[in-house]
Amino acid sequence: MVLPDYYEFCCRVKIVAGHDALEQIPGLLSEKGAKKPLIITDKGVAGAGLIDVVSRVLQDRLAGILIADNVPPDSDLRIVHQLAQFYRDNGCDAIIAVGGGSVMDTAKGVNIVVSENASDLMAFSGAGALKRPLKPLIAIPTTAGTGSEVTQVAVIKDHEKHLKMAFLSYFLLPDVSILDPRMTMTMPPFITAMTGMDALSHATEAYYCLQKNPLSDAHALSAVSMIYQHLPMVVQNPSDLNGRLAMSIGACLAGIAFSNSMTGIVHNLGHASGSVCGVPHGLAMAILLPYGLEYNMHKCEDIIARLLLPMAGETDYLNTPKEQKAQKVVSLIRQMNEDLHILTNGRHARCFREVKDREGKPMVPRETLPEIAGAALLDGASMYNPEDTDYTDNLMVLEAAWEGCPLDLSKVKKG
Amino acid sequence: MNSDSCFTFTCPVKTNSGNIALENLPVELSGLNAGKPLVVTNIAKVGRKAVRTLTGAFGDSGMSLGVFDSLGDKVDPALIEQLRTTFIEEEYDSIIALGGGTIVDSAKILNLTVSLKITDVRNLSAQTPVNRNLLPLVVVPTADATGLETAQFARLNGAVLSSEYLAPVLVVIDPRLTRGKDVKTIYATGLAALGRALESHIIAKENPFRQAYSFAAIRFIRDNLPAAVRNPDDKKTTLAVINAAVMSGCAFSGTEARPLHKLGQVFQEMLKIHPGIIMGMCLPHILDDYLHRDGNGLASLLHPLTGDEEFAQTPEAQRAGAAVSVLHRFMADLHSALGKDVPQTLREAGVPLYAIEDIFEVLDVDPNGVYLRSVVERIRDKTPMAEKKG
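Chains as they are written, first to last, in the working numbering: chain A, 888 to 1302; chain B, 124 to 513.
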């Protein structure tokens, strides 16, 4: 464990994890002096019956529960303002966000508007615009992947002006994150697989990226171990409550790790493939993760090798010669993608050419790769990658990830 | 994850550590909506240079700050009431505690009084509810930190006030302030950090959030304390030891007080001995006792205490014993490097017999008193365990 010349680490979120974590919510609200929370969620979460589970827990202990379930899949400034008005009209005093990334982003946006008594959320965009604690926010993730229950960022889109605004502040960290396996149990295997690989990519990139530090390392190693061990189990057996809890904890640890050490080429190319071709984020992460490790191998082979023990366990670790340990990590992640492909009857794509939309049409035509490589140059995630990326390297990695064959390490620029 | 009941973890403290970390303080305070901090410290303990380094970091930030550098060796209610008046009259909006131990306890109590508008400090007790955000408190630890600076409680003359809101919002670890004054100081800081991190790690078996902090703290002590005690002026290793101290306070918060911590605190409160000195004496005995009792949880110590290779090579059933052996060797190595610089028994520490009797009286009212007393008996004046095993 290396002490960097300088580092910062912060995660002020109270984590409450367990099979009965939801039951703690009334007490947690009461500690914050809150009595009337607004539940913010989306139709998918509500339709899966998850809000019923939360409501059942709360109804005996709270006078009234208000639910807004109209968060769209992509955050929307208009909805943020609408929900803020709903919050004010009903005299709410706290927010419970139940869902994935878009719900968390929307809830954070609403919290800014109601806490600052603002008329326009956009006045608070960028870093450091918030100066004081917001209203109590309890985050209940319904996927084990994004880690947004422990991040200080919100991204809200203004669809009318075609703008995507980021909000960054420690005050955006939820007060509490509830990790309860009942909230992820209904996730279908295909979604479980890709969100789980998203979490694994957070932990892995956090461990090799330039802003790594002893505390992000400790969170990342623990996350890698929990996710690698439990992801295939829960994809195979979705109602495995112990496995589901372990995945939620692993994804949360990974979220803490990457929000402090940042991410690299995997996220960089993943964001770009999402914006150019609409590839679901988790799937892009799953496909790109082995390539990110290969691309950075010459810069941090020792670091990558240290992921072997938490992934493979003691026996495989001892049976792998030192010089092969890092490569073994890459092959285990490739094998994980293979296993998930089989367990999801082929829905978990192993390479970009296998990614299909709902009509079964390929989402990433090979000719779009240059556009993705170019778009990636505009994304900040490349800043923290161990090797400096450029257009040529981006394209080389994308082509290999499209085809599904390992990167030709002799062609990687060694800066 | 088979845990039947749920677990929680929270660490409200942000850590900034490393070169010119202090220079980021104005930006950090501004981000917390604070612009006029009051620095509280004890100049006799931290030295004039440390105060100058801290105030110098505000350079041309435009922030005005006050400095009160005359805190004493204990938390003095009358002094805190005076400081409270000054804080309010001169319109400060945040507190920076420079130093460790009681300096930070005083700062936490001061923060409580100014944030919750408490006029009589003597009325504060363990039952005082602290359930909302206080004003920003920043801790800048020096080499004699105890590790409890980042903990979610404050000590006020025997009473322990406990709340996550008492923890500092930020800790700034700057190598200009963390070099040890002497061997004994850095040893004591390191052992206090190690003792609390070990106890936190053992009881946090199914809480990986807590174990992330305890793991990093134990590994840093293992990697850096031996070099730091050989050269207390070494920037890198002493910085790592203070990092471990800070992490140990975060790991320890919210756990029930365990024997090592308890004994360290009792001796500090009654005899003003740094808790790390006592924890260093007790550690080998207490771990042996754990091992002989059930050893449950000790196995998890082997990984942070050794490394991937040794951990992987040790069969699961042998890990608890191996961890205790590693700790015995670690302590023996430290003591052989330190010679007579660090006392290994109460007698060497100059603790008179009558004082030990007073300690026994306090321990006797503790639910675990019989056991704690037996540990004190063993560190009175006997061959230190570390030497026997070493």
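Everything labelled a hint here was simulated from the structure, so no lab data went into it.
One should not assume that every hint holds.
Claimed, not checked - Mimicking DSS-like on lysine-lysine, the simulated pairs with C-alpha atoms at most 27 Å apart in a straight line are:
hint : chain 1 : residue 1 : chain 2 : residue 2
1    : B       : Lys137    : A       : Lys919
2    : A       : Lys1022   : B       : Lys359
3    : B       : Lys137    : A       : Lys1018
4    : A       : Lys1186   : B       : Lys359
5    : A       : Lys930    : A       : Lys1018
Results of checking the hints against the structure:
no.	hint	result
1	B/Lys137 x A/Lys919	holds, 21 Å
2	A/Lys1022 x B/Lys359	violated, 41 Å
3	B/Lys137 x A/Lys1018	holds, 16 Å
4	A/Lys1186 x B/Lys359	holds, 24 Å
5	A/Lys930 x A/Lys1018	violated, 33 Å
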